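Student: Below, each chain spelled out in residue letters.
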Amino acid sequence: MAAQQSSSGNQRQATGKGQIQHQISLPLREAFRISIRNIVIRLGRAAITASGVFLGIAFLSSILTSQVMVRVLHGEVDPSFAARQGWLVKMSLVVAAVGISNSMFMSVTERFREIGTMKCLGALDSFVVKLFLIESGLLGLAGSLAGVIVGFGVMMLLSMAKQGTAIWGQMDYTLLLSKLGYAVVAGVALSIVAAVPPAIKAAKMPAAAALRTEV
Amino acid sequence: MATSTAPVAEFTVRTRDVVKEYLMGSVKVKALDGVDLDIRRGEYISIMGPSGSGKSTLFNMVGGLDKPTSGSVFIDETDMAQLDASELAWLRCRKIGYIFQTYNLIPVMTALENITLPMIFAGATSDEMLERGRYLLEMVGLGDRLHHKPSELSGGQQQRVAIARSLANAPAIILADEPTGNLDLHTGREIIELLKRLNQEQQVTIIAATHDLKMLDVSDRIVWIRDGKIERIEHRKDLELRVGEVEGEQAG
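Chains as they are written, first to last, in this note's numbering: chain A, 1 to 215; chain B, 1 to 252.
It is worth saying that the hints were derived from the structure and are not from the lab.
All of these numbers come straight from a predicted model, not from anything done at the bench.
Note that beta-carbon positions come from the ideal geometry of N, C-alpha and C, so glycine has one too.
It cannot be assumed that every hint is accurate.
As the list claims (entries may be wrong) - Here chain A is said to cover these stretches of chain B; the calculated rule only asks that three of the stretch's residues, wherever they fall, bring their Cβ under 8 Å from a Cβ of chain A:
| hint | region |
| --- | --- |
| 1 | 72-83 |
| 2 | 89-95 |
| 3 | 117-128 |
As the list claims (entries may be wrong) - Now the stretches of chain A that chain B is said to cover, found in silico as 3 or more residues with beta-carbon under 8 Å:
| hint | region |
| --- | --- |
| 4 | 58-64 |
| 5 | 111-119 |
| 6 | 153-166 |
The shape of chain A in the complex, shown without the other chains (with noise of 0.2 Å):
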């Protein structure tokens, strides 16, 4: 591609900018390639991380489940129960949150050499940043997912135990399955959201931190 162009490279014209060009930006699918790669090589960390996001949902999803049970089974919930398990599915996303951000900002610590390497072949600010969203949203999809699996099945598990295999007849999927949804888009935009922070820590790292020798 490029060979003959270094070879001609001593009748390269050099006077003024013009011959400097602006960086691209490149298409999302590097950047999720790249992600991707980056959680699957470090399987055991990412599963740490999703493990904070999976665990507030899970709350979030036997919670969402509950309340579908009460309300198949005896009509209208309890507003004021409904309020304080509220007030514990959002002190369990908050902690979940705080976890995420933790946990990305270890990693942007880790991979600083990483990151001014990648900025020394040309990768723009913007693009670090994708990589860390992707990356966390990612994790938060997957640990998302997971949740609300465990979630609902612990719940029906548990009434099951209670009042036996009625209750899976009995219940409505439709709403089921609209709550469930928002509790998984909200672990996602819970991940990115709590990326953010140590995204721009990473794109703001120097690319000369590629050059520190000390470990």
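Assemble chain B onto chain A, guided by the hints.
Tutor: Just chain B, lined up with the frame of chain A:
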């Protein structure tokens, strides 16, 4: 030939009165104190000096990794201070190849993927990337290690991959920061020979910050830095001449 009479376009890097000050606590430290340096296209330059001499600071300035407090750095007659972030990224991607003491390969990628990463940033198609990636790996003698991860390669092999990566977008300049610093004597010599070969075959300008004396043999010029100033610049021709004179005296 005196450098002052040479045509301007001959130089790929020029620094003019570059000063860099750091604030250490409340004390101002001058890491660079008025550095003027002209580097010709296709030259092999070694920047030598003890640690803390300002060697790395100068290196960072030339590589566009840091900005001078005053003075200017020109790459192909473009003042780096005039460039915005995206133009700097373009410059780093296309014009400059970096080689690091710690290799800095991306651990999650294979040798081939590491080499093609700068091409991705340059917007190359995957066919072009594959072809050039293979070509470069063969050139550095690792044609059979395309799909090895950095952790599966020795230090010398990793540095070869890094050298191939630095050539990915056919840059005008290769900046090497202590390229042999983490390598044993023998491997270090191989890496230096490889750099010299690329310098001659690809006509790429090589600027190496180093305190490896093995570099002296292959460098066209050696820039000695001390206390933020250029102490002296030696030409290899001069070094050879002196050796020749001594031998001549002995023969006579």
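Student: With reference to the structure, classify each hint as holding or not holding.
Tutor: Hint-by-hint comparison with the structure:
A stretch counts as covered by a chain when three or more of its residues have a beta carbon under 8 Å from one of that chain; for the region 72-83 of chain B and chain A the count is 6, and the coverage holds. Using a Cβ-Cβ cut-off of 8 Å, 6 residues of the region 89-95 of chain B lie near chain A, which meets the minimum of three, so the contact claim holds. Evaluation of the coverage hint for the region 117-128 of chain B: fulfilled, as 9 residues show C-beta separations to chain A shorter than 8 Å, against a requirement of three. For a cut-off of 8 Å, the count of residues in the region 58-64 of chain A with a CB near a CB of chain B stands at 0, and the three-residue condition is violated.
With a threshold of 8 Å between beta carbons, the proposed coverage of the region 111-119 of chain A by chain B holds, since 6 of its residues qualify and at least three are required. Beta-carbon proximity to chain B at under 8 Å applies to 0 residues in the region 153-166 of chain A; the threshold of 3 is not reached and the given coverage is violated.
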